[in-house]
Each structure stands twice: as structure tokens, then as C-alpha cells.
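Put together the whole structure using the sequences plus the hints.
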Amino acid sequence: MSAILLILGLFILVMINVPIAIALGAVALVGMVLSKGTDSIYNAALTMFDAATSFPLLAIPLFILAGALMNTTSISRRLISLTSALIGFVRGGLAMVNVGVSMFFAEISGSAVADVAAIGSVLIPAMKNRNYSPELSAAVTSSSASIAIIIPPSIAMILYGALSDTSIVQLFVAGIIPGVVGGFSMMGLCYWYAVRYDLPREEAFSLRRLWVAFKEAGWALTLPVIILGGIFGGVVTATEGAGLAVVAALFIGGVIYREINWQHLRKAMVEGVTQTAVVMLLVATSAVLGLYLTEIQVPQNFAKWVIGFTSNKLMVLALLNVMLFVVGMFLHGAAAIILIVPIVMPLVQQIGINPVQFGLIMTLNIAIGQQTPPVASVLVTSCSIAKTDIWETTKVNIPFIGVLVLVLLLVTYFPPVSLTLVNLFYG
Amino acid sequence: MLISPTCVQRYIMLDAIKRWLERILEVVSISLLVTMAVIVVLAVVFRFMGKSLIWYDEVASVVLAWLTYYGSALAVLHRGHLGFPGLFLSLPKPLRAAAFIVAEFVVIGFFLVIGYAGWYLLGIFGEETLVSLNWVPLSFTQSVIPVGAALFIIAEILSIPDAWRKAMAGIDYEKEMIDQAIEEASQS
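If you read the protein sequences in the order shown, they are chains A and B. Adding 185 to a residue's 1-based position in the first sequence gives its number in our numbering. Adding 29 to a residue's 1-based position in the second sequence gives its number in our numbering.
No lab work stands behind these hints, which were simulated from the structure alone. The beta-carbon is built from N, C-alpha and C at its ideal position, and this holds for glycine as well. Treat the hints with care, since some could be wrong.
As the list claims (entries may be wrong) - Facing chain B, a subset of chain A residues (Cβ under 8 Å, in silico):
(1) 220
(2) 239
(3) 240
(4) 299
Right under this line is the structure:
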């Protein structure tokens with residue numbers, strides 16, 4: 186009964202446009218006061234402080250700062266040149282360049298919208314000039330930005346790891362194969378579109394051009410190699426790796442490229458701290474909700490209810506996927522992870538699903554959610570740049586969403602896709 | 030409809046206070062972010078030199094909590110916290126106005142309660158300190174809850190006139206944010 190009232194309260198508050206973070210805290214606070222008396226407000230205040238001091242989550246602002254530093258240099262232009270020199274000679278090469286750059290770049294600043302704006306404002310007009318339909322240009326930009334969510338470093342994975350007590354490093358490693366499979370499948374799909382609609386090749390392949398582009402972008406490419414090498418090699422933690430990313434970005438942007446624009450950097454840092462705070466306030470208030478949910482035994486009862494219905498692992502995974510898909514359609518990624526993880530983790534553990542594999546399932550559902558209206562900020566951004574209708578773009582986007590769903594199904598029902606590398610390095 | 034000069038003056042004054050608060054919160058939040066980065070990098074360097082900093086994870090975590098609440102107040106000045114404005118904006122105007130007022134009361138009420146509880150707790154901590162730095166009182170680190178709650182309420186109130194105007198005109202903040210991101214990206 187309490188759970189139903191809680192959901193109803195939450196629903197009403199979110200519908201009247203109370204920010205989700207405050208709606209979560211407010212319903213939890215009212216519930217706690219009604220069940221345990223007014224003294225529970227002190228517990229709530231303490232929890233809001235403690236939840237915000239999560240050490241693994243320090244990686245979020247630090248990766249955002251590194252991304253902001255890199256964004257102020259001409260990194261997007263350099264990466265576009267390099268990827269273009271590498272695959273631009275293939276039919277439909279510009280669409281593939283878009284996928285390739287997104288795989289490296291997206292989510293780098295912690296704001297998917299800002300990243301899609303950075304890539305899309307260069308590539309979408311270029312694609313339109315080369316006879317790509319505006320809808321296809323928007324769809325490729327939008328979907329390829331979402332596959333990047335599972336390629337490390339990923340803010341969504343850091344959040345999931347911190348909330349579910351799962352190794353962030355192992356989540357990063359687990360994302361590599363599915364991310365590459367998804368990225369290359371999208372490139373394949375671009376090729377199919379290119380043949381079907383007779384889309385052009387860019388310049389012919391030239392080793393000289395590739396070398397020049399590589400020299401220009403090489404330093405930017407060393408950044409993920411150094412950082413992820415340090416993290417995967419166990420030399421530094423994910424948080425420390427993020428700290429080193431800041432130093433490396435300062436060095437590359439300030440000393441090598443000499444391109445850091447302090448005015449842009451200030452803006453990017455303000456954006457970065459705001460993004461961090463928005464996510465962290467959600468973490469803090471959802472911890473208060475978590476307290477109340479545990480008190481009224483919602484996660485345990487949810488697990489019991491699902492297991493009473495079926496204890497078949499594959500069926501439970503299917504149910505969880507449907508639930509995550511629906512939640513992802515209506516909530517932003519961070520909010521969906523923060524709200525769902527504490528509720529479903531007991532079930533995930535009881536049924537024997539590997540938490541690293543489930544982390545990938547969760548983030549892939551978030552990626553799909555970014556592409557499915559009504560709440561689909563990445564898609565909306567791409568459509569705004571391409572000046573296309575969201576629903577018309579969605580029609581073209583369906584095969585790309587299909588790739589994301591395919592990767593999700595692979596990760597869900599064929600665990601080696603995500604766990605082989607994890608077992609190899611940490612087994 | 031004529032707007033009285035006093036009304037205009039009040040609006041200008043409110044806007045000036047808003048900008049002033051925004052600047053302060055920006056400086057505080059960016060300083061916290063930079064401090065956090067410096068602490069983490071120093072910790073790695075010291076560890077490689079064989080001298081681990083025992084206080085680093087505890088202090089860096091507290092800095093993150095501070096960033097959370099000072100940054101949250103900054104975000105609310107632009108109404109940047111995640112929401113679901115779709116249904117709200119499609120309500121008929123009178124209902125939308127009523128929903129707006131109720132939502133403001135919920136937000137301010139929530140932080141009034143949390144701020145009061147946080148303030149009360151400061152007295153309870155007494156002489157307690159951080160585990161790794163015994164000269165830093167917990168009442169100092171935890172002060173971010175009442176201070177952050179107060180700043181959140183002030184920022185919420187200061188941003189009401191703008192939010193009200195946009196809500197009544199049916200302007201979506203998220204759409205506005207996307208347009209701004211695109212404009213900034215195309216400028217740089």
C-alpha cells in the first residue's frame with residue numbers, strides 16, 4: 186500500500202514539473218515522517234550528505250573537466266579529419282566518419298547534448314551538402330552518440346558501478362566488445378544506406394593524408410590510451426585515472442596544441458559543475474528514497490514478486506529489459522539509473538545475474554531510451570541541427586535503434602560478449 | 030497593460046541579485062572542482078613517491094559533497110535540474126499556474142525541512158572531526174547541508190519570475206538548453 190502511494194505521489198510531483206531529484210526526496214521524506222515520526226528528517230539530512238560523498242563518483246566531475254578541457258581545443262575537427270582520412274574513401278564514408286568520431290567523442294563532456302551539438306554542428310551540414318537526407322544525417326549522429334555510452338569512460342557506468350557496488354573498471358572492460366560490435370554494425374548499416382541511395386565517397390585514400398591527420402590528432406588519441414591503460418592495468422583507480430585525464434588534457438591542450446581558450450573553458454567548467462551537481466543531487470535524494478524503500482521492503486518484495494512469477498533467468502532478464510526500456514523512454518539516463526538500480530539489485534543478485542553484465546544491460550537500455558521519444562534529448566538535439574521532424578527522423582532511425590537492440594540482446598542472452606575480456610583480465 | 034516603474038525597478042534589482050549570486054556560485058563551484066582535481070592528482074603523485082596521503086579520499090569526497098550542493102544552487106538559477114515538463118506545459122493555463130505554485134512550494138518546503146535538519150545536526154556533532162584530519166570539525170564539513178539548502182531556496186525564489194514567464198508562455202527549458210548548446214557549438 187505504501188509503495189503504491191509512493192509511486193502515485195512521485196508521479197503527481199513529476200507531472201507538475203517538480204524536478205525529479207526533489208520529487209524523489211520529498212515523497213521519501215513524507216513517507217518516513219508518516220511511518221517513523223518527525224525525527225527521521227535528521228536521518229534524511231545525514232543521508233543526503235553521506236550519499237554525496239561517494240568516492241567512486243568523484244570520477245564523474247573529473248572526466249567532465251578533462252572533456253571540457255579537450256572540447257575547448259579543436260579536438261572534434263582533428264578527429265573528424267583523422268577518421269575521414271581513414272574511412273572516407275568508402276561509399277557513405279561521411280556517415281561512417283560520424284559513427285567513428287562519436288564512438289571516441291560522445292559523452293566526453295558528461296552532457297550528451299553538448300557533445301552531439303559539437304559533432305552534429307560540423308557533420309550534419311557536411312552530410313546534407315553531400316546529398317545525405319537530413320533525416321539520415323540526424324539519425325546517424327543521434328544513434329552513434331548513444332552507442333558511445335557503453336564505450337569507456339562512461340558516466341552512466343560510473344553511476345551504475347557506484348550505486349550497485351560493482352567494479353567500475355570491470356564495467357569499462359566489459360563495454361569494449363559490445364561497443365565495438367555496435368559501432369561497426371552501425372558503420373555496416375551506413376554502407377547499406379549508401380549503396381541503396383547511391384551516396385558519395387569522400388576523397389580517395391591517401392597514406393600521406395592519413396599520416397598528416399594522424400600527426401594532428403595523435404596526441405588527442407594518446408589520452409584514452411594512457412588513461413584507460415592505467416585503469417585497466419590496475420596502476421590507478423577509475424577516479425585517479427580521471428584525475429590523470431585532467432592533467433593529460435591540460436598538457437595536450439595547453440602545451441602541445443596551445444589551443445586552450447580560457448573563456449570557452451570557463452563556460453565549459455560551469456556547464457560541467459552544473460551537470461555534476463544535477464546528477465549528484467539525484468544520487469543524494471534517491472539515497473533518502475532508498476532508505477525508505479528498504480524500510481517498507483520494496484526491493485525485497487519486488488524480487489519476491491518477480492520470482493513468484495518466474496525464476497527463469499532468461500525470463501527475468503526479458504522482464505527487466507522491458508521495464509528498463511519503458512523507464513528509459515520517459516526518464517533521462519542518469520535519473521533512470523539512479524531510480525532503478527537500488528530497486529532491482531536484490532532481484533539481480535538472487536537470480537544469479539552477473540552485476541557487470543547487468544550494468545551493460547542497463548546502460549544499453551539507457552542508450553535506446555535516448556533515441557525513443559517522448560524524452561530523447563540526444564535525438565532532439567540532432568533533429569534541431571538537421572532541422573528535421575522527430576517522428577520522420579525516427580522512421581529512418583529505426584534500423585539504427587535495431588542495432589542497439591541487437592547489441593542489447595547479445596549482451597543479455599550471450600554473456601561472453603560482455604564478460605570474456607573481464608574474465609580474461611580479472612577472472 | 031502598463032507596468033509600473035516600481036515593478037520594473039524591482040525586476041531589475043532581482044535580476045542584479047541573481048547575476049551576483051550566479052557569479053559567486055560559479056567561482057565557488059569551479060574552485061571546488063579544481064581543488065578536487067588537484068587533490069586526486071597529488072594523491073597519485075605522492076603514492077608513486079611511496080608516501081600515500083592518508084587524508085585524500087576522505088577530503089576529496091567531502092569536496093564532492095560541497096560541489097553537489099553549491100553546484101545544485103547554481104543549476105537551479107537556470108532551472109537546470111532534470112524534470113519532465115511535457116505534461117505540465119500541455120496543461121491549460123489556469124491549471125498550469127496552479128501546478129507551478131504547488132511545485133514551487135514542494136521544492137522550497139523540501140529544502141526548508143532538510144536545511145533545518147542539517148542546521149540542527151551541526152550542534153549535535155560537537156567536537157567530532159574527520160577521521161583522517163582531526164583538526165577539521167564535522168560541523169564544518171556538514172555545514173554544506175544547511176548552507177546549500179538556504180542557497181537552493183534563494184536561487185529558486187530568484188528564478189521564479191523568469192520560470193513563471195516561461196511556464197505561462199509554454200517555453201520548454203530543455204528545448205531552450207538544446208538550442209543554446211547548438212548555438213555555442215556552432216560559434217566555437
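Quick rundown of the hints versus the structure:
no.	hint	in the structure
1	220	16 Å, violated
2	239	7 Å, holds
3	240	5 Å, holds
4	299	5 Å, holds
This entry does not satisfy hint 1, going by the numbered hints stated previously; all others are met.
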